[in-house]
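Line order of the protein sequences matches chains A, B, C and D.
Note that the working numbering numbers the first sequence so that position 10 is 10, with each residue one more than the last.
Count along the second sequence from 1, then add 1000; that gives the number in the working numbering.
Count along the third sequence from 1, then add 2000; that gives the number in the working numbering.
Count along the fourth sequence from 1, then add 3000; that gives the number in the working numbering.
Treat each hint with caution, since some may be false.
[As the list claims (entries may be wrong)] Cβ-Cβ distance ranges computed for the label pairs, FRET-style:
id: 1; chain 1: D; residue 1: A3050; chain 2: B; residue 2: D1100; range: 45 to 51 angstroms
id: 2; chain 1: A; residue 1: D211; chain 2: C; residue 2: V2076; range: 38 to 44 angstroms
id: 3; chain 1: C; residue 1: R2055; chain 2: B; residue 2: D1100; range: 18 to 24 angstroms
id: 4; chain 1: D; residue 1: E3051; chain 2: A; residue 2: E131; range: 32 to 38 angstroms
id: 5; chain 1: B; residue 1: P1081; chain 2: D; residue 2: R3054; range: 30 to 36 angstroms
id: 6; chain 1: C; residue 1: V2076; chain 2: A; residue 2: P87; range: 31 to 37 angstroms
id: 7; chain 1: B; residue 1: N1170; chain 2: A; residue 2: V40; range: 51 to 57 angstroms
id: 8; chain 1: C; residue 1: A2032; chain 2: A; residue 2: P130; range: 47 to 53 angstroms
Source of the hints: derived by calculation from the structure; they are not laboratory data.
All C-beta atoms in this analysis are idealised placements derived from N, C-alpha and C, irrespective of residue type, glycine included.
What follows is each chain in one-letter form.
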Amino acid sequence: MGKIVGGFMMPHDPTVFINPKKLDNSHLMDAYAEIRRRIVALGATSAVIVGADHYILFTPKCLPQILICLGELNGPVDQLPGLPGRPIPHNAALAGYIFDHAQDVGFDLAVARSLGVDHAIGAPAHLCLPEDGSVKTVAVYMASGVAPYLRLRRAHAFGAMVKAAVEAANDEERVVVLGSGGISHWVGTGEMGRTNPAFDRMVLDAIVAGDADSLLALTDEEILREGGNGAMEIRHFLAVMGAMPGGSGEVIAYDAWEGAVTGLGFAQMRPAA
Amino acid sequence: MGKIVGGFMMPHDPTVFINPKKLDNSHLMDAYAEIRRRIVALGATSAVIVGADHYILFTPKCLPQILICLGELNGPVDQLPGLPGRPIPHNAALAGYIFDHAQDVGFDLAVARSLGVDHAIGAPAHLCLPEDGSVKTVAVYMASGVAPYLRLRRAHAFGAMVKAAVEAANDEERVVVLGSGGISHWVGTGEMGRTNPAFDRMVLDAIVAGDADSLLALTDEEILREGGNGAMEIRHFLAVMGAMPGGSGEVIAYDAWEGAVTGLGFAQMRPAA
Amino acid sequence: MSINAVEQCIFDLGNSGRVRKGYSAEPEAFLARYALSDEEKALIREMDVAELFRRGLNPMLLMGFYMGFHGPASMVDYLSKMPTLASTLGTGE
Amino acid sequence: MSINAVEQCIFDLGNSGRVRKGYSAEPEAFLARYALSDEEKALIREMDVAELFRRGLNPMLLMGFYMGFHGPASMVDYLSKMPTLASTLGTGE
Ligand SMILES: [Fe+3]
Ligand SMILES: [Fe+3]
């Protein structure tokens, strides 16, 4: 029987890495490194990383609500400073197991045979997992960047499904679930560069309290208005919370950093004892 | 409140149209025409056509379990004699309504913004719907040609979901559900050209009896062994049956025609009174 | 003639340097492959990202499209043209 | 080096005459774009559809790939090479 041993939230804002204003970003890189240390300390063997396609990977002919990659991973294909594209160690057995379980319980996951991921998966895979490849990735994309958006409630239910799948697996998997996403940010709209620390704080408070309900009560219009189109990525945080019912969280770092365009939150979720 | 007014099953075997042996195929074209007459007689306004991608439309980077097109349709992109590619009148409002309802009840439908369909949708759209465009298409693709295959049970549940969506719609839609697929056929394997009339008869008997359970009891291995990889398309028939619980069927025509490579069944399902 | 055809066209242009090269060499021949009205072709040719956004195109797509043609330094220029997201929501801010 | 890379390569070749032209012009350069072992490259070059099928590739994909290169009349030739589906199932027939 496998086990969910923890969850983490972290941003993947490209401007953190491009750092156009050449500011000191070491506190942010430290936060990624702290997550990596904690994942190692948890003895994790695999990471389910949940990200958003930013209309880079999937075409208007087939936009998945939720997609899982069953095979090889590499990337990010949109290479960034410090994040060169390279193979990402993957766990095909666990991905296949989650897919089968999803079919059993009524999720219709689109699949990729293999995938060059974008920075949403590439940033946490490179920065939050040990470099020796000992923690293998299962990549999941949710419709958080391109409408029609996945329902918040479905993202949360997906996390619960992953927990059930991992626990039903024969393997001695110790799994962390990583929700990759910014908090408030506006991507490609006139507001871009703006953040909303009050919205960020509300989201982080909900994570700390393990209070998924207050996030699930948000409408998409509220999220778009207060957090921007980028904040639709709180779906990925809800997936993490869904995998840890009754759990609670801790903020590792937060900064509405002026070098970036996003409210940058780094957090850990711990499963209920 | 909309209504499901009927369902039809028909093949889309390209060799019926290419007719390489130059045999008389008029009884098959008549069967398509008979379905068109019945659809007109039912006063249908829209047709939900369920087909399989044959690894033409969707790439190994994103293989949907179920996909619905929310916008314009044209095709078939793999043009066949008598089936030239052209715009296919579509019902975006109904497609959007079904998508929203699917989200409400926990289906994760991948979407196409617009789509050039293959012969699976193109053949019934051209041959079974009136040429004046008065019956508009909603195109649905199921994973019946490319593994991982959609579960049979899920295909059936999809049909039930379409029924509920149509009935919850405000529009005065009169909807037919078309399951496009061959019965026994082997596509691209050493058996190609073989058919299994006993398997075909079993499937048609189940349709006539409105007995989805006997089809749902089949394993994929049984279908592959007795009906071939093409017979995985009975998923589309199950979608039709799911939309007409308690209904019963009638065989319009059946031929394991030597000019083609498929057990060719044409049938109608009638909703329970 | 459809916003979906515009979206497909902009997706194709935004995600491939090779496609952009083909477009730049023969813009009219390239645009003719999509079911676009003359007005829609003009919006694409003129890279009228503001109007394309008002018509419902995804702003991530538009940003990639614009910067694909004009390079990363064009971000400021791009943003100066773009309406706010708030302007597209119910009562706005 | 993976059956998934082989599948992507064969999908790309099977579904586009333009891609096939690029492959035919410079096969080695084309194959180098995929993470293929030398053995896998040889299977594609030799269009060894039987072995590709045994390794799990979809027969619809293989048929389109083969006939894309050899034309519709090659169907008989293609089928003469192909194992049965039954041979891949549990106890066979
Ligand atoms: Fe993002
Ligand atoms: Fe078919």
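Structure-based check of each hint:
1. Between A3050/D and D1100/B the beta carbon distance is about 47 angstroms. The supplied range of 45 to 51 angstroms therefore holds.
2. Between D211/A and V2076/C the Cβ separation comes to about 39 angstroms, which falls inside the hinted range of 38 to 44 angstroms.
3. Checked against the given bound of 18 to 24 angstroms, the beta carbons of R2055/C and D1100/B, roughly 21 angstroms apart, stay inside it.
4. At roughly 37 angstroms, the beta-carbon separation of E3051/D and E131/A lies within the given 32 to 38 angstroms, and the hint holds.
5. A C-beta distance of roughly 34 angstroms is found between P1081/B and R3054/D, which places it inside the suggested range of 30 to 36 angstroms.
6. A hinted range of 31 to 37 angstroms for the beta carbons of V2076/C and P87/A is consistent with their spacing of about 36 angstroms.
7. As the Cβ distance of N1170/B to V40/A is approximately 56 angstroms, the hint placing it in 51 to 57 angstroms holds.
8. Between A2032/C and P130/A the Cβ separation comes to about 52 angstroms, which falls inside the hinted range of 47 to 53 angstroms.
The structure fails none of the hints (numbered hints given earlier).
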